[in-house]
Amino acid sequence: MPVAEAVGWAAAVRYLEKLGMEHVAEHESSLTEYALEHLAKVPGLTIYGPLETANRVGVVSFTVDGVHAHDLATILDQGGVALRSGHHCAHPLHDKLGLPATARASFSVYNTAGDIDRLAAGVCDAQKVFQAA
Amino acid sequence: MNLYREHVLDHYANPRHFGELANADFQHTEANPVCGDEVTIYLNIQNGVVDEFRFTGKGCAISMAAASILAERLTRRSLAEAAAFTDQQMQDELGISLSPTRLKCGLLAISALRKAVKLGKVIS
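Same order as they appear, the protein sequences are chains X and L. FYI, the numbering for the first sequence is 1 to 133, going by this note's numbering. FYI, the numbering for the second sequence is 1001 to 1124, going by this note's numbering.
The following block holds chain L by itself, in its conformation from the complex (with noise of 0.2 Å):
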């Protein structure tokens, strides 16, 4: 199967929510360091809404397409429902079946996502 859908790779080259945000009130950045693929994901909170989720890093399509997708799914979502967004849903936004080791790169944007949430203002 095509790994590289359509919108994986618009993702990708049009990366939506891309930037810092400074004075974030969650921030944590999260590397694979076999891979050398790095996300640090900003979040603003507003009335325990996701005012803002932006993200920054470098990496393979799968790894950046995957922080974007998740900056557009949860922005406006509440703070709860971004925590406890699953493996299983980013599998699923993605839309592709991937492979244990590209499933990394797939999981690293919710990796840091669920740790910028748990340790809270958090710049590491």
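Okay, chain X solo, but in the shape it has when bound (with noise of 0.2 Å):
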């Protein structure tokens, strides 16, 4: 028995039963809905999946033509903003999309709208990085 991951998981049951899980979905679903409506303006910036709230959780995937999604993330985090790239255990769909790799990011309750205006400005300077070259 994992003792301290059973013991650490409990802790963030009780943290987000103190919060409220309606509070969360409802945080997390305003701040989807706020990514994909600013992250759509970002020239050359395509998000996968519904362009709307529903059937989204809180995660939005999305490709920037010029920039891989590794070097993205890469250079994002060197801006303190976590990305994940790559295929997100969801080998066969990036195949079907015919898609090398997707960045992903994520929203739980402790990220912001702030966070989001990070991550577009973000990515245009990963842009700027790669036209220059």
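Any given hint could be a false lead.
Restraint ranges, calculated between C-beta atoms of paired labels, are given here [said to hold, decoys possible]:
#1 X:K41 <-> L:R1005: 28 to 38 Å
#2 X:V24 <-> L:Q1088: 39 to 49 Å
#3 X:G80 <-> L:D1092: 27 to 37 Å
#4 L:G1019 <-> X:G66: 16 to 26 Å
#5 X:K18 <-> L:H1007: 43 to 53 Å
Some but not every residue of chain L turned toward chain X, in silico, with C-beta under 7 Å [claimed, not checked]:
#6 L1003
#7 Y1004
#8 C1035
#9 G1036
#10 K1058
#11 C1060
#12 A1061
Computed footprint of chain L on chain X, listed as stretches where at least three residues anywhere in the stretch have a Cβ under 8 Å from a Cβ of chain L [stated by the list, open to error]:
#13 71–82
#14 85–91
Just so you know, the hints here were simulated from the structure itself, not pulled from any lab data. From the three backbone atoms N, C-alpha and C, an ideal C-beta is built for every residue, glycine too.
Each chain sits in its own coordinate frame; assemble them with the hints.
So, in structure tokens, the structure goes:
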């Protein structure tokens, strides 16, 4: 029995229950809506999946023209924005979409709309790095 | 530190020795299934010397720049030198310090090269 993990998980559950899962869902949904709206305005950025929050959880996968997802994640990481990049354990879907990799932002209770603004600005910075090459 | 130094970006935007080589003496494709990067190395050898070194592939700037740098560095060098090229030499050529995850991108081409030489004329 992995005791430390179980204790840690219990603490996480208590934390979320104290916030109220309905509030957690509401916050994530509003950030997702904000992200879909603002990221869609970034030139060269393509969002995968529905462009409204129905049938979506708090994750948004996307690609940026001219910047590979790994490079994008590395550049954003240097600016303090953490993204996942790659296949996100969904290799067959990426094959089907014909994509070598996507970047993925995920939102939780500790994120703010300001974080998404930083993400959008970071994407533009990454495009500049590669345009200069 | 900035991973995207000018020479890495330059090799990515203007890859040297890019393209297939028909009837290569050595050929191997190496892929990183986790990130989707893929590099194929093609070598033609004459009198124990790398006469032509070409590569094709798709992937991030680090993996593609590494392949381009490797091709430039090892063309007209002995096959023995190419085969003995180390991970550290590859990192030195890139001139950047890579995190464990990105290190796999940086070493994909050298890994393909080693297998190409070891396995001989393999199409995979």
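Hints, verified against the model:
Between K41 (chain X) and R1005 (chain L) the beta carbon distance is about 31 Å. The supplied range of 28 to 38 Å therefore holds. For V24 (chain X) paired with Q1088 (chain L), a C-beta distance near 47 Å keeps the hint of 39 to 49 Å intact. In this structure the hint that G80 (chain X) and D1092 (chain L) lie 27 to 37 Å apart at CB holds, the actual value being about 29 Å. The supplied range of 16 to 26 Å is met by G1019 (chain L) and G66 (chain X), whose beta-carbon atoms lie about 21 Å from each other.
For the hinted restraint 43 to 53 Å between K18 (chain X) and H1007 (chain L), the CB-CB distance of approximately 52 Å keeps it satisfied. With a cut of 7 Å, the hint placing L1003 (chain L) at the interface with chain X holds, because the nearest CB-to-CB distance is about 6 Å. Look at Y1004 (chain L): its Cβ gets to within about 5 Å of chain X, closer than 7 Å, so that hint holds up. The beta carbon of C1035 (chain L) is positioned within 7 Å of a beta carbon in chain X (closest approach about 5 Å), and the interface hint is therefore held.
Among the interface hints, the one on G1036 (chain L) holds; its C-beta lies about 4 Å from the nearest C-beta in chain X, closer than the 7 Å criterion. Hint on K1058 (chain L) holds. Least Cβ distance to chain X is approximately 6 Å, under the 7 Å limit. About 4 Å separates the beta-carbon of C1060 (chain L) from the nearest beta-carbon of chain X, less than 7 Å, and the hint is met. Given hint, A1061 (chain L) at the interface with chain X, holds; its Cβ is 5 Å from that chain's nearest Cβ, closer than 7 Å.
With a threshold of 8 Å between beta carbons, the proposed coverage of the segment 71–82 of chain X by chain L holds, since 4 of its residues qualify and at least three are required. A count of 4 residues in the segment 85–91 of chain X with a Cβ less than 8 Å from any Cβ of chain L is obtained; the coverage claim is therefore met, three being the minimum.
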